[in-house]
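From first to last, the protein sequence lines are chains A and B. Position 174, counted from 1, in the first sequence is what this note's numbering calls 835; the numbers after and before it change by one each time, with no gaps. Position 151, counted from 1, in the second sequence is what this note's numbering calls 593; the numbers after and before it change by one each time, with no gaps.
The reader is advised that the hints may include incorrect statements.
[As the list claims (entries may be wrong)] Covered, in the sense of this in silico footprint (three residues per stretch, anywhere, with C-beta under 8 Å from a C-beta of chain A), are these stretches of chain B:
| no. | stretch |
| --- | --- |
| 1 | 483-489 |
| 2 | 513-527 |
[To be verified] The list that follows gives simulated cross-link-like pairs (lysine-lysine, DSS-like), each with its CA atoms no further than 27 Å apart:
| no. | chain 1 | residue 1 | chain 2 | residue 2 |
| --- | --- | --- | --- | --- |
| 3 | B | 479 | B | 564 |
| 4 | A | 765 | B | 545 |
| 5 | B | 497 | B | 516 |
| 6 | A | 765 | B | 547 |
[Claimed, not checked] Partial pick of chain A residues on the chain B-facing surface, computed with a CB cut under 8 Å:
| no. | residue |
| --- | --- |
| 7 | 799 |
| 8 | 802 |
| 9 | 803 |
| 10 | 805 |
| 11 | 807 |
| 12 | 913 |
| 13 | 915 |
| 14 | 917 |
Honestly, the hints are just simulated from the structure, not real lab data. Every residue gets a Cβ at the ideal spot worked out from N, C-alpha and C, and that includes glycine.
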Amino acid sequence: MPEEGKSHRAIRPAKPTGRVLRGWHRWLGLLAAGPALIIATTGILLNHGPGLRLDQRTVAAGWLFDWYGLSPREPMRAFRLDPEGIRPGDWVVEWGGQALYRGKSAGSPGRTVAAGRLGSEIVVAGERALVLLDADGELIEELHPSLLPGGRLLRCGERDGLFVCETEDGIYHFPQWSAAETTHGNAVRWFDSPSEPPGAVREEAELAYRGEGLPLSRVMLDLHSGRIFGTAGVILYDLAAGFFLALVGTGLFLALKKRK
Amino acid sequence: MMRRHAQPPGKGLGARLLFLNLALLALSGPAGAATGKEEVYEAPASFVSNAFGGKTPPAQTVALAGELAARTAKIMGHPYRSSRIRYWKAGSRTAWVLEEIGKTKPITVGIVVDQGRIASMKVLIYRESIGWEVRRPAFTGQFQGAALNGARLTRTVNGIHGATLSSDALRKLGALALLLHGAATAN
Numbered sequence: 662m663p664e665e666g667k668s669h670r671a672i673r674p675a676k677p678t679g680r681v682l683r684g685w686h687r688w689l690g691l692l693a694a695g696p697a698l699i700i701a702t703t704g705i706l707l708n709h710g711p712g713l714r715l716d717q718r719t720v721a722a723g724w725l726f727d728w729y730g731l732s733p734r735e736p737m738r739a740f741r742l743d744p745e746g747i748r749p750g751d752w753v754v755e756w757g758g759q760a761l762y763r764g765k766s767a768g769s770p771g772r773t774v775a776a777g778r779l780g781s782e783i784v785v786a787g788e789r790a791l792v793l794l795d796a797d798g799e800l801i802e803e804l805h806p807s808l809l810p811g812g813r814l815l816r817c818g819e820r821d822g823l824f825v826c827e828t829e830d831g832i833y834h835f836p837q838w839s840a841a842e843t844t845h846g847n848a849v850r851w852f853d854s855p856s857e858p859p860g861a862v863r864e865e866a867e868l869a870y871r872g873e874g875l876p877l878s879r880v881m882l883d884l885h886s887g888r889i890f891g892t893a894g895v896i897l898y899d900l901a902a903g904f905f906l907a908l909v910g911t912g913l914f915l916a917l918k919k920r921k
Numbered sequence: 443m444m445r446r447h448a449q450p451p452g453k454g455l456g457a458r459l460l461f462l463n464l465a466l467l468a469l470s471g472p473a474g475a476a477t478g479k480e481e482v483y484e485a486p487a488s489f490v491s492n493a494f495g496g497k498t499p500p501a502q503t504v505a506l507a508g509e510l511a512a513r514t515a516k517i518m519g520h521p522y523r524s525s526r527i528r529y530w531k532a533g534s535r536t537a538w539v540l541e542e543i544g545k546t547k548p549i550t551v552g553i554v555v556d557q558g559r560i561a562s563m564k565v566l567i568y569r570e571s572i573g574w575e576v577r578r579p580a581f582t583g584q585f586q587g588a589a590l591n592g593a594r595l596t597r598t599v600n601g602i603h604g605a606t607l608s609s610d611a612l613r614k615l616g617a618l619a620l621l622l623h624g625a626a627t628a629n
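So that you can see chain A by itself, here it is in the shape it has in the complex (with noise of 0.2 Å):
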């Protein structure tokens, strides 16, 4: 009941008080605080980076790689040069499109049909790209599958020193590795099909594939951005900025307000 003698009046809205922006200042600073702990921290060191020699220090852990997509989905796929396949050096691994031979990468010849040795030069025939490569694993030259003859490619060999191969359209040979002639499929050493490499052989492509690992300033840069958990990441960073400021924005008012 109103007092006697003074009317009803309307309510109206308070104006904001300090201990609304106080609250607003408390949540800002919550959140932001995650982002720029991270931003801060990668900051003073990206800042010192050639000190630091980022460049030169790399991560090679397992789960970045997944992270980073750097680690194919498609399994490994290994091809025996020679029967006995027991050293590492006799094996060439593809895996993600990519030849792997003594530690090194060797092409890119796509999934790989087959591989063997020829001569002294290895072939290594995918569905992207048939790859010559000298004993030392250095690339002799890359073919396009359109340069090549015939249809989808099922199975490679070798006989009396030529590249035999046998696609959906027949079996062709390649003299001095020019134009494909039309051959039969008598008396072809045929490659072998590929398999599970050996353990030692998984480790060695795997870190042929992957390299020492991932640079950190590349790391340190991703996280600094938020592109390290991708779009999502960026816009998460840019809130956190826009939290940031009105963090710095409030925090000014409820001191000058204090001042007063």
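Fit chain B to the supplied structure of chain A, relying on the hints for placement.
Below, chain B without anything else, positioned relative to chain A:
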């Protein structure tokens, strides 16, 4: 006058904003490299065939060794990725299918050289998500008529903003094709 006390946001808006942050983090995807899908604009065999009016001559090869390898490395800034390069030749015309890395993946380019000058250039296969503008005729057309002067082209090729590395790759390949044409026709 009665005043309605304003409420701090803590229990309402603040909590919702915190939830939004956590949801965004939960939905975040892997960093991953921005790798594009391989785009094949023209198969190399088709390019070579078209370069010779539908009659593809027999393929020949040139070995990158000795002085030729050194001049190649000077043009490219590094040794070429393979030690042997395939080409097709009819009369004074040669056709080359060469590759060079743009930013992170190789770009496959077809180049036709006639009488010591670039007759045409075409991006055959592009594998990255950025810089693909170099495949446009407005860019590759700049190479027409260019010859080789030392390790450089005789024509100025204006790059494309945002496709600097891809533009550089094509400039190098243009110069390389001219160098190799000289070697192939000298033989």
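Here is what the structure says about each hint:
Note: the stretch 483-489 of chain B has 4 residues with beta-carbon separation from chain A under 8 Å; the three-residue rule is met and the coverage holds. Beta-carbon proximity to chain A at under 8 Å applies to 5 residues in the stretch 513-527 of chain B; the threshold of 3 is reached and the given coverage holds. Annotation: proposed proximity of residue 479 of chain B to residue 564 of chain B holds, straight-line Cα distance about 18 Å (limit 27 Å). Our distance criterion of 27 Å between C-alpha atoms is met by residue 765 of chain A and residue 545 of chain B, whose separation comes to about 20 Å.
Taking the CA atoms of residue 497 of chain B and residue 516 of chain B, the gap is about 34 Å. The hint is violated against a cut of 27 Å. For a cut-off of 27 Å, the pair hint linking residue 765 of chain A to residue 547 of chain B stands: about 17 Å separates their Cα positions. Proximity of residue 799 of chain A to chain B holds as hinted, the smallest CB-CB distance being about 7 Å (cut-off 8 Å). Against a cut-off of 8 Å between C-beta atoms, the interface hint on residue 802 of chain A holds, since the closest Cβ of chain B lies about 5 Å away.
Using the Cβ-Cβ criterion of 8 Å, the hint placing residue 803 of chain A at the interface with chain B is satisfied: the shortest such distance is roughly 6 Å. At about 4 Å, the closest approach between the beta carbon of residue 805 of chain A and any beta carbon in chain B falls short of 8 Å, and the interface hint on this residue holds. Hint status for residue 807 of chain A relative to chain B: holds, with the closest Cβ pair at about 4 Å, below 8 Å. Among the interface hints, the one on residue 913 of chain A is violated; its C-beta lies about 18 Å from the nearest C-beta in chain B, farther than the 8 Å criterion.
A least Cβ separation of about 13 Å between residue 915 of chain A and chain B goes past the 8 Å threshold, and the interface hint is therefore violated. Among the interface hints, the one on residue 917 of chain A is violated; its C-beta lies about 19 Å from the nearest C-beta in chain B, farther than the 8 Å criterion.
Of the numbered hints given earlier, the model fails hints 5, 12, 13 and 14; all others are met.
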